[in-house]
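Visitor: Each chain, written out:
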Amino acid sequence: MSSRKSKSNNVIHAEYLSQVQRILQVQYKHLIELLKRTAIYGESNSVLIIGPRGSGKTMLINHALKELMEVEEVSENVLQVHLNGLLQINDKIALKEITRQLNLENVVGDKVFGSFAENLSFLLEALKKGDRSSSCPVIFILDEFDLFTHHKNQTLLYNLFDISQSAQTPLAVIGLTCRLDILELLEKRVKSRFSHRQIHLMNSFGFPQYLKIFKEQLSLPAEFPDKLFSEKWNENVQCLMEDRSVREVLQKHFNVSKNLRSLHMLLMLALNRVTASHPFMTAADLMEANQLCSMDSKANIVHGLSVLEICLIIAMKHLNDIYEEEPFNFQMVYNEFQKFVQRKAHSVYNFEKPVVMKAAFFYAQQLPACLQEMDAGQFPPQMATCIHLQVLKWRGGIILIQIFLTS
Amino acid sequence: MACYSTRLRTRQTYSWVGKPLLNPKLHYHSYKEMSVKIEGGLTEIHIQVGQFVLIEGDDDENPYVAKLVELFEDDSEPHSKKRARVQWFIRFCEVPVSKRHLLGRKPAAQEIFWYDYPACNSNINAETIIGRVQVVALGPDEVIPMDLKNEETLFVKLSWNEKTFRPLSSELFAEFDKLRECSPRCQKPVGAKTKAVRSPSWTRAEHDIKRIESRHSTSKSRPTPSHPATPRAKKRLELSALKTPQKTGEIHSSCARNDKKASPDCQRILRTRVPALNTMEIIEERTLKPIYRGWPSSVVPSVILTPKNIKKREAEEPEAQDETTSTSHRIRRKSSFLTLNRIRQQLRFLGNSISNQEEDEFLPAAEISDSSSEEEETSTPPLRGRTSSRVSRDPSSSMKSSLQTPSKTPKKTPKPHTPRHATPQIRSRNLAAQEPASVLEEARLRLHVSAVPESLPCREQEFQNIYNFVESKLLDHTGGCMYISGVPGTGKTATVHEVIRCLQQAAKANDVPPFQYIEVNGMKLTEPHQVYVQILQKLTGQKATANHAAELLAKRFLTQRSSQETTVLLVDELDLLWTQKQDVMYNLFDWPTHKEARLVVLTIANTMDLPERIMMNRVSSRLGLTRMSFQPYTHSQLQQILISRLKNIKAFEDDAIQLVARKVAALSGDARRCLDICRRATEICEFSCRKPDSPGLVTIAHLLQAVDEMFSSSYITAIKNSSVLEQSFLRAILAEFRRSGLEEATFQQVYSQHVALCRMEGLPYPTMSETMAVCSNLGSCHLLLVEPSRNDLLLRVRLNVSQDDVLYALKE
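Residue numbers (this note's numbering), protein chains in the order written: chain A, 11 to 417; chain B, 3 to 814.
Chain B with its partners taken away, still in its complex shape (with noise of 0.2 Å):
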């Protein structure tokens, strides 16, 4: 048996073997032919163009089939720099459930298919590959060999393009055929129906077939833990690979409702069918005797089998997939050998015995993939193939099925087709960020408004009740609202998020009932309607409009559901919601009346009249009386959470500590501005004292500066900086005020004036176009308040700082 594991943990080393050839139009060096050294190990694999090769995915027993096309080195690519160009080929388990019923027979256990869908990314780490394999082409009337001895043999006789199963294309197989050499039939590809070979024969015939390549290689590159961001081969089809077609027909239904509900039985008879993974040791006996496995004499394929418009299709790769993000994928590693041995068996016996009630159930099932792709796509929420450095191939998602009469060419280069539903992202840095490595960096990190404390110091009650209203209607499995108010900065969301956190964990623990979380933020929609848009998608993951979604919301709400679940849902910014009709809010309050929703509304808000001032008795009455509000914090509580989060760090003195929390306690009580301003008292510290080796501690001094530069107001050093002429104008507008009694005056009166001022202090004469310019440009500053666009002597000009401030600022 041909097994090897992958949970060996050793480190393997790929080199080129061979000169680069250089690619006078991509300008990369592509190679020949690439070897895989073990480390601390004797085997040494070449693995050459044109073999096929197992690749690393994320289930082991199923790795990846392709045939390699390319091996080429890139230097734009941030982790591997060796990149492998292949033709995928899919096994039947990695064919979505909904679609396997299209092949229309029982897979035999070893047949692949020949992956003709361009949109998939052929571009893979090199270093995700596993070993050799060997995959033999057969004709369409042709019967896979069941039961051979050699388990690493591959069989391909179909092709796959997402939609159909048709027969390999002439030019595939004339491919092939070439790399046959001691063939006695010559298989004509005819576009025989597949139909034809349906009945599959669960003889052992013995079969003339091309064996390719054979000698397997060694488990495969595990990568080092120093990169947390080193790709892993996976592919997208992870949900479908978890049936067997013998029970497609019960879990198309399963399946429907929900995806995750496949058997554990499935997923055991699935990977059966694979060739499997063993421990080296085996391996390694192997390659001492071959001849005990029946392997051919290695024949090395120099053909190259892909079609022609691989190349385009590398072209048609959108780059955007180098902006995203490599998530490491953790591979379930489970291969026990006996096992796999034992459920073989079983599946054949299965198969046999299903096989006929199989085609009936087919067409129902087609009828409800649909539905259950749709939602398949909807529900997963990473994205998935995009990554360059991951192995993906899988065509987008939103691809119907369809059942359409294979035709015998294959479709040349359909556009690349994106995920309905990927969630965008900006790309991930290159450069790992540095960390803090200063006592003042490490403060500054935890002193960031964004560093999540671990505990909500002087929130406690607040938090409490908070806790106890919705804790006791997740057991009441009733609903209800909550409404939150408090100025900024008082930490209503995060206190609201803590105790989510708590429930969720308790939910767990099956201290409360599951319930189901849901946050929108009023300043994050554009149109208070689109609340119900999102709220459906957070809750389905369904997309409609916003009259859809609420009729939709409402019929949720409203009807008895089977399957009961309460709903917390946390609308922040509440105020933005109002609408003429007040048709959301009255929603959103009426919904948790009623008995069947169990939905529990918390709200969010700054002004704690709110429901007294803009809300119609109807609503505020549904709104309830449940009521909370966050007071500004104190400076001893301010004190206590800069405290709090400064634990274990020795960057400021107490007093600087103190008299912090006593200034922003002063003016707001916003714990954010209490932050940032320690934020830049470090930066403050940082710059003035150079010395490395001696941080120092933020003293009040340093404090004062950053509380300074916040908060002073920045219009008497304007005034002090601004130019004789402007000063000037200032001061004739003081003397206007007072001449006239009133706070506005028009241009005229304060040009006149000002030429009296200048004349006195023996400034050259002003003329009209210089102190409309000064005027105007204090105008720009908002120093002055003056009316739009006009530009003439009647022009009104008011002040916008007040005349003591004006004089403070003049007398220096």
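So here's chain A without its partners, still in its complex pose (with noise of 0.2 Å):
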């Protein structure tokens, strides 16, 4: 049985592709009609795709690729160059991936790794030597755009679109980000040699579509082996579909985000709940995998506190309330405590000052966010190691508390 589970994950990776022609059929196009021409007339082209994370910016790219190297003889004229924003950190660095993945160190042996003013213009003569119909295109991706705008200067991208927009190597430049403000990132000479063409990706579908998608993601493909099993599994797909409870989970899921990775993040966790014993998925199983999704970290903390600590937390409530998140110190805190103690006098037991500061001090270190700040010899009272509180929400008994300690 978990083969066939891992099996109909591998069907939900197929099937994503498929999807991607479909709800961006519009900027699929326009980026397939591009490459071919870069690929197949030599027209220099650059584009920016932009969108929010995970809505697909990789995968279209990826997927346009995949098609045009599908077409025999675009594969056999065309280089690419991928680059990340992430790794090449610099244009020395992104200089020398261009050269390795250009095949070009071959060429000079030794040259190529020189200084990076050589390597610089050794990559320019080569790209300039180049024109339209003879030289072999190249397409260019460069995945995180905006990190490539902080370059010193933005000669990398000052250069890739002059030859872009000049009779050389044709080229093509694709720039994948999410920041939506990227054209104020660039340069004005840049942006000038830039197309300013932008394919926006912006998960523009309805709740009724993610429905759809949801069922093509879960759902069994035709050719799949045990034909039996595949259409029992369809059917409880269909029924789960049309269940309240799974919409309403579905529909939560949607109000936070309509990003289609949180949607495959939520059925694998409802998916890894299917065994041999347990062969189709249930509305409770995604109920319990949503929880495990929404669980809010900040609740959680709370949850596994003493008593003592909860009473700690209660003061420090209290004294964040009457100072208006003025910082206070241990002393404070333990007087408001001993207040509390006092005036009702019920069953909370009266520590001693140590074993409460000891509390409070545990309490505070075991918050990640504090230990940071937190220096374990420099704890005594009179140290006034100030203590931020916040109470955020009173809610069925569980009190919502964060605490900063700030030094």
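If you're looking for bench data, these hints aren't it; they were derived computationally from the structure.
What you are looking at is a predicted structure, and each value in this text was computed from that prediction instead of being measured.
Think of the CB as a built atom: it goes at the ideal place given N, C-alpha and C, for glycine as much as any other residue.
Treat the hints with care, since some could be wrong.
Taking lysine-lysine pairs in the BS3-like style, the calculated list, with each CA pair at most 30 Å apart, reads [what the hints assert, rightly or not]:
#, chain 1, residue 1, chain 2, residue 2
1, A, Lys198, B, Lys540
2, A, Lys198, B, Lys583
3, A, Lys102, A, Lys198
Computed list of chain A residues with no C-beta within reach of chain B, every gap over 10 Å [claimed, not checked]:
#, residue
4, Leu238
5, Glu241
6, Ser255
7, Asn282
8, Phe290
9, Ala293
10, Lys327
11, Pro364
Build the complex: two chains, separate frames, hints provided.
Guide: Encoded structure:
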């Protein structure tokens, strides 16, 4: 059964590829035409693909390149260079990577890996040599394009765009970025050389389409070997889609984010519950997965606190309300705690001061946000380590609290 | 006389003879024999492996000589699948001038040398083979027969490995020996110095030479015109091939200065020593009565005479060769039979008289030759000897000539050394780029920014000003600076290029003195001081570090030079040459003020007030006041540009052109933008009307769509398409801003607003983690500006879009 599960996971991936064409039809057509013109006519182009994270930018370009490379005469002709702003953090590294990917280092042996200046002039010379009709077109794919704009003088971008605007080796420069204000990051002479083509991917689908995607993701394809099972499974998926609680879960998920990647995450968690004894996904699985997904990390921290610690937090909350987010020290918290114990006089045991301090100290240490600012050796009461605390919400008996220590 | 014209434009068909032998290791078919058939003719020549062949080269009278080692078919080669592997021989005239003295004697007219240089490309296109030739090996103490009746026979006595001449090694000789059927004397190759035979005897001594193969084949393969990139045989040592050994002394000194100055006499003399090429008719005559030529019975050599290392050598041939383009070389075809004879006689006469002086002059020549070969390397820009489809057999040029004592055994496998100053190149495409088919495609091609228009409309005035400025400086033999400014896309660089192009034409017509043009771009430098390196390299071809280059340039420009030629220097993106001390700019503007420099500097930058803003007084004062500013194009100018580009093509409605011109003029006046929009509009037009026969005109609607795509802000669509929680978070931010009256809020404040909003709208309660995720999502799109590396309640949040835009987007 586990193999079956992994198969259906593979299917998810393949299905998604085909969705690219359907959901992003217009953008896809634009991109593939552009690439084809570069590959076949040797026309230089530059384009930016802009969209929030998880909107399918990389998927789009990969899919387009895959289709392009299936055309035989194109695949022999086109060179690809993939760069990533997170890896090529400056032009020097980027240039080396380009030379490597273009296989130019073979040409002159040890010469390529000379100084930065030599590299640049070498590469420019190489690209300048070509012309529209005879040179092999090169497709540059710059992932995390916005990071390239932070390079010094934007030399790389200037030169790439400049070549794409002059009669040299045909280039297609494709930038992928999630920043909507990307054009403002370009220097004006770089901007002028950029063709201003932008392909926006915006997750512009509504909830009905989201449901359809959900169904398609889970359905097994017709070519699945076990016909009987696949029929049953697909029926089950259809039932799930019509189930009210499932719809609620999905609607909630959809409200938070339209990102298809987060939908995959949810489905993956639910799918992991499918076993041999439990062969079909149920609404309960999905709900549990949703709970895992949307768990509030802050609330989780509060769940495991002792009575004393909760009392301390409440004391801090009072202080916070009184002094309006002014910082306070341990002595103040302790006094507040004392008051609390005396006023109510119920089951809370009046702990010794050192015990209280220890509790406060450990609690503070448990919170990861505090750790960076804490110095364990300097926590005596007189040190006035300020505890900044905010009580966020009182709901259903659970106190959601976050503590910040600022030294 | 055995000559044949390679000029004949006959096509030859090359075909394999016999069955292919599959080479199991190398996965290709090899053949034993090849036949060459001339189209329309009757002759058919069979060439077998092991025979000696002539191979088409640059110099028609001196085709290359080689021994066929292998014939095979290689499918990976784009143009010619028929390949041949050869062992090269080299003619004396192909030996670099600087190294000719190493021979230490006068070469005989028909002497060739075994070319023992593994780095040389031995894989050639089989269709460059012209025909067969006869090669005879001689022992070290044998004398080369002079004025043999048979011009076709060539003699091998020594081998040349780019460093030294040495006698043929014993293995080699043994191979030749096997081929020799009727030789009374058995030559033992002794490691005797070549000096022993230095004094050439000009008598016609009869020798027992072995003749291997002698039928000459027809002319060469002429590539069909439909294949522009069909390779031709080419040798690299063309330059040196132009000099005669007799004149080495003189030529060395002259070529040290300028390689091209080799006197035409030398070239003519040179050609003489070559078995010449004849017309077709003569060949056929010969084949009819071979005895007239005194040919021996044709003995087909069965032994391959290459050393064993040839296989290794093949393996070592860098694959990079496949990636280079094959540029077709025009082959000079001048074979005049009569002059050949005359010149040959002259050569012999010269050879006798000069041979004594020659030796004295060899040593100084050797010293010069180093520097001259250096210059030769740097001044020859095209890639040499790297194309596999081109026949090249020259070794790396960076080999230093050295006076080594000849060693008996040749080096086994030296590493293939690539030329030091090779220019890299993106490999050429296998399939030719398609030409535009429809009107729209044609229009798109012309609208591409890279398309160079015949004229530059709307910049006539600026063109004239710059032209006059440079021309006057050229005519006066003085220098000067000019500063050109203007926003991007207003044609600054294009105008200057046009000026230079016109001036270069004028210089050709002798209207203005000749000048040297250099262009540097600040953006194409990694660092301002690199500009010196670039200028120096483009000026002289030297390479130096930045500091050294600055010194050399200063010396060049500040001291009196003998041969004065004005230099025009274009510095693009000047503002990037700014340094703390401004020394780069200072130098660039200081040099022209010197009388000797004869330097005209044209500088281009975007900002009009650059000299005032960033330059020190002493720099801006040297820049002078010759300034020019390119105004952004007005709408009528843009319209004119578009119309001139779309001349004779009816692809756009007139109104559409006017619309785009007005739109762009209102925004930036950037011509690039204008062209890009039009290009996009043609695409949209093509998409929208799918009828293939009627492409239709680009209408206003198409253009408006293109303009929208390029200029519309994506923020509003992004907000419209964001998820429910993201939208409500944006609302919460607006509410918080309104409440506090500030343009910034902490996450905590926004969160409380957000919770309240969600409650009002009946949405489920948003948890902290969810809201934080929503916030960081919006932050990564830069709809919000959030503090980096902070994920807590005190995270400060600002809007990156105007509040009105957000309200507008959320309303719908």
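Visitor: Hint by hint, note whether the structure agrees.
Guide: Now the hints, each set against the structure:
For the suggested pair lysine 198/A and lysine 540/B, the alpha carbons sit about 29 Å apart, so the restraint of at most 30 Å is met. Restraint check for lysine 198/A and lysine 583/B: the C-alpha separation of about 26 Å stays at or below 30 Å, so the hint holds. With a C-alpha separation of about 22 Å, the suggested pair lysine 102/A and lysine 198/A falls inside the 30 Å cut-off, and the hint holds. The claim that leucine 238/A lies off the interface holds: its Cβ sits roughly 39 Å from the closest Cβ of chain B, which is beyond the 10 Å cut-off.
The claim that glutamate 241/A lies off the interface holds: its Cβ sits roughly 34 Å from the closest Cβ of chain B, which is beyond the 10 Å cut-off. Every beta carbon of chain B lies more than 10 Å from that of serine 255/A, the smallest distance being close to 13 Å; the non-interface claim holds. Listed as outside the interface, asparagine 282/A is consistent with that label: its C-beta sits roughly 21 Å from the nearest C-beta of chain B, beyond the 10 Å cut-off. The non-interface label for phenylalanine 290/A is consistent with chain B: the shortest C-beta to C-beta separation is roughly 27 Å, beyond 10 Å.
No beta-carbon of chain B comes within 10 Å of the beta-carbon of alanine 293/A; the shortest separation is about 17 Å. No beta-carbon of chain B is positioned within 10 Å of the beta-carbon of lysine 327/A; the least distance is around 14 Å. A cut-off of 10 Å between C-beta atoms confirms that proline 364/A is not in contact with chain B; the least separation is 30 Å.
Violated hints for the displayed structure: none, as all numbered hints are satisfied.
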